[in-house]
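2 protein chains.
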Amino acid sequence: MELRGKVVVAQGGGPTAVINQSLVGAVLESRKFPQITQVYGAIGGMRGIVDERFMDLTQETTHNLERVAVTPSSALSSTRDKPDEKYCEEIFKVFRAHDVRYFFYIGGNDSSDTVRIVNEQAERTGYEFRAIHIPKTIDNDLMVNDHTPGYPSAARFVAQSFMGVNLDNRALPGVHIMVVMGRHAGFLTAASAIAQSSPDDGPHLIYLPERAFEMDKFLSDVKTMHDRHGRCLIAVSEGIQDKHGVPVLSTLMETERDAHGNVQLSGTGALGEQLANQVKEKLGLKRVRSDTLGYLQRSFIGCVSDVDQREAREVGEKAAQYAIWHNVDGSITIHRTGNYAVDYQLTSLREIAAKTRLMPDAFINKAGNNVTEAFTNYLRPLLGSGMPEAARLRAPIVPAILAK
Amino acid sequence: MELRGKVVVAQGGGPTAVINQSLVGAVLESRKFPQITQVYGAIGGMRGIVDERFMDLTQETTHNLERVAVTPSSALSSTRDKPDEKYCEEIFKVFRAHDVRYFFYIGGNDSSDTVRIVNEQAERTGYEFRAIHIPKTIDNDLMVNDHTPGYPSAARFVAQSFMGVNLDNRALPGVHIMVVMGRHAGFLTAASAIAQSSPDDGPHLIYLPERAFEMDKFLSDVKTMHDRHGRCLIAVSEGIQDKHGVPVLSTLMETERDAHGNVQLSGTGALGEQLANQVKEKLGLKRVRSDTLGYLQRSFIGCVSDVDQREAREVGEKAAQYAIWHNVDGSITIHRTGNYAVDYQLTSLREIAAKTRLMPDAFINKAGNNVTEAFTNYLRPLLGSGMPEAARLRAPIVPAILAK
Chain W
1 MELRGKVVVA QGGGPTAVIN QSLVGAVLES RKFPQITQVY GAIGGMRGIV DERFMDLTQE
61 TTHNLERVAV TPSSALSSTR DKPDEKYCEE IFKVFRAHDV RYFFYIGGND SSDTVRIVNE
121 QAERTGYEFR AIHIPKTIDN DLMVNDHTPG YPSAARFVAQ SFMGVNLDNR ALPGVHIMVV
181 MGRHAGFLTA ASAIAQSSPD DGPHLIYLPE RAFEMDKFLS DVKTMHDRHG RCLIAVSEGI
241 QDKHGVPVLS TLMETERDAH GNVQLSGTGA LGEQLANQVK EKLGLKRVRS DTLGYLQRSF
301 IGCVSDVDQR EAREVGEKAA QYAIWHNVDG SITIHRTGNY AVDYQLTSLR EIAAKTRLMP
361 DAFINKAGNN VTEAFTNYLR PLLGSGMPEA ARLRAPIVPA ILAK
Chain R
1 MELRGKVVVA QGGGPTAVIN QSLVGAVLES RKFPQITQVY GAIGGMRGIV DERFMDLTQE
61 TTHNLERVAV TPSSALSSTR DKPDEKYCEE IFKVFRAHDV RYFFYIGGND SSDTVRIVNE
121 QAERTGYEFR AIHIPKTIDN DLMVNDHTPG YPSAARFVAQ SFMGVNLDNR ALPGVHIMVV
181 MGRHAGFLTA ASAIAQSSPD DGPHLIYLPE RAFEMDKFLS DVKTMHDRHG RCLIAVSEGI
241 QDKHGVPVLS TLMETERDAH GNVQLSGTGA LGEQLANQVK EKLGLKRVRS DTLGYLQRSF
301 IGCVSDVDQR EAREVGEKAA QYAIWHNVDG SITIHRTGNY AVDYQLTSLR EIAAKTRLMP
361 DAFINKAGNN VTEAFTNYLR PLLGSGMPEA ARLRAPIVPA ILAK
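Chains W and R, in that order, give the protein sequences.
For the first sequence, the positions run 1 to 404 when my numbering is used.
For the second sequence, the positions run 1 to 404 when my numbering is used.
Derived from the structure by calculation, the hints contain no laboratory data.
In this text the structure is predicted, and so the values were computed from the model without any measurement.
It is possible that some hints are incorrect.
In silico BS3-like links for lysine-lysine, alpha-carbon gap of 30 Å or less [said to hold, decoys possible]: (1) Lys286(W) to Lys82(R); (2) Lys86(W) to Lys223(W); (3) Lys366(W) to Lys280(W); (4) Lys286(W) to Lys86(R); (5) Lys82(W) to Lys280(R); (6) Lys286(R) to Lys82(W); (7) Lys280(R) to Lys93(R); (8) Lys286(W) to Lys355(R); (9) Lys282(W) to Lys366(W); (10) Lys217(R) to Lys280(W); (11) Lys366(W) to Lys355(W); (12) Lys355(W) to Lys93(W); (13) Lys82(R) to Lys282(W); (14) Lys32(R) to Lys217(R); (15) Lys82(R) to Lys223(W); (16) Lys366(R) to Lys355(W); (17) Lys282(R) to Lys82(W); (18) Lys86(W) to Lys286(R); (19) Lys82(W) to Lys217(R).
Pulled out of the complex, with its shape left as it was, chain W reads as follows:
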């Protein structure tokens, strides 16, 4: 039997370059079904639902929706609120009042857990209701998925950043440490490896949260590479930890926690600067620089993977199809079926919610300071078409005459 009523779409957590593709996919697909009376967008994520702040996207033009789809960051705005049972009761009061029967929540693992709670509450109270989690995270750390929408575009930004900084570091040699986002999973930091085109190209070293960070080993790695290449470009994940699981950064400064209890690691240059100081002091190297990619990697406009755009659109469409056609709940997951082809499935929320996928061992080299070819083979098709290339001069060297 068809479930008649309204749809609410919301966006949670940090923005990505393609999160609006999923929004527009879910909205346009939902608008096709006659049993859908209206399609609302919640302004400001779950908080917007509690506060009854909705935008009627049934009345938005298709043309403008398509323009929003190619705009990065969450067009409906987002929230860092993490709803508990009581919070979800408030949400249901609003859903009942507005006759909302379908809920699509675009977000990462915290958001999928919210969908799980909302769903279980609907079941308990006997309110006929479908809720689907639409995957999104630049961290690429959702279980079951081959990869998650938002990651390919962020990875492309990181790859292009390192391609450029590698050329910069080659022109003016020194040690350059670049800190990349990723609290637990190293996928985004690992994307820097795409810049390794010629054997002397950086990043020469890549440090991931999946491997215990040892300062002595780090310093000897840097010395080896600097001796070999006369320079050293290093990719470091913001979430690197020592062997006891203590974040290297949290030992260095007072930290801030968000509503989920997560340490706030982005937006600070402290980790890079501390590592740079160690290299200067312990190795006696002079030209040592650090940069922290910061918020640019999740919101830079004009650096996007077309593969990512297409898939983000489709997971939004699929959510509407599963909920409205098939009347089922869950999380949309992406599965690689060829090189390169994907398929979408509906997976139980319990398999996704509040869990974290890390880099598999096959993607990390034995020394724990770089990635493997298996990883770059995995990543390359996700980056999309038109990746820039770096060319270098290959003319012969002129023999010296004065030969000092």
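Fit chain R to the given chain W structure using the hints.
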């Protein structure tokens, strides 16, 4: 009378996205003249000349040169050395030994001063020799020029960064401080204003080195904007100074100086973090973030202005034409002749060398915390074609039912 001999091209200072366009323009144009016996590239700037490290670019394929032209950063590598009279004597020994009669140096104001010294030394010693400075700097601070190659692409990167971070800040509101390169001139920081599309778009405040920075005024500006918009995005130049001309950063930490005596301001997040701490402490605001754009703004691959590419190519070609056809010395300068059209002239090195152009008063608002429309009108045609646009949802708000 035709001056027969070799050409040497070199690249100085920090890389830009289009510095290789100028290299390739000078090389290809030089190769057309029969009196040019060979075209050498100096590896590592002036240091490479002293060390006799040349690459024979006469033997490089045109096809590969074209690929290098669209690759950012200095393909010949660069140097931070600042030659004095003695250093230049060493250079002349090498030039004489290799029969070098033409020297093209691509760089900023320090590089133009080097060309001036080399030129004067040639005159004094009666060595028949032509030296031309080809302009390049992301800081846009060369005298006489309407703008300088490298600036438009870096400005585009800054503009696209702020467009994205503005959307991010809108989705998850708070105070966000972004630190942009620019030691003395605010042109690059000012480019952030391109993100100001709707009246509530950031950056809401822009602080430039051309105006004395006052902490109290800054804090009251931030409060005003945060009260008005519920958020505040701020662009700050790394080179902001107090009314005594003391860099705000240098009062905060130990700094490093390069061979030119310049304080090393890039590659550190200290300025942004210090300002963020002030906002947190003095205004009691909680979600305050800072990012430092760092080296990405001069070397990011895949964000370039096609206008900048074209002009960078032409100043390289013009250098070869002036020197080889017209047998004159100087600095190539860019002059705006329409909206939008430019012409190139040869200007005396004494008008360019070691001087710094700042933002004109007409480009800065009265309060000294934003730019004027005159500035954005100046900048817009330089950014080139295909600038991304940010769209927002415009659907009607749904009336509340529970109306809490």
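Here is how each hint holds up against the structure:
no., hint, in the structure
1, Lys286(W) to Lys82(R), "18 Å, holds"
2, Lys86(W) to Lys223(W), "55 Å, violated"
3, Lys366(W) to Lys280(W), "27 Å, holds"
4, Lys286(W) to Lys86(R), "25 Å, holds"
5, Lys82(W) to Lys280(R), "24 Å, holds"
6, Lys286(R) to Lys82(W), "18 Å, holds"
7, Lys280(R) to Lys93(R), "59 Å, violated"
8, Lys286(W) to Lys355(R), "28 Å, holds"
9, Lys282(W) to Lys366(W), "25 Å, holds"
10, Lys217(R) to Lys280(W), "37 Å, violated"
11, Lys366(W) to Lys355(W), "26 Å, holds"
12, Lys355(W) to Lys93(W), "29 Å, holds"
13, Lys82(R) to Lys282(W), "29 Å, holds"
14, Lys32(R) to Lys217(R), "58 Å, violated"
15, Lys82(R) to Lys223(W), "28 Å, holds"
16, Lys366(R) to Lys355(W), "53 Å, violated"
17, Lys282(R) to Lys82(W), "29 Å, holds"
18, Lys86(W) to Lys286(R), "25 Å, holds"
19, Lys82(W) to Lys217(R), "37 Å, violated"
Checked against the numbered hints given earlier, the structure breaks hints 2, 7, 10, 14, 16, 19 and satisfies all the rest.
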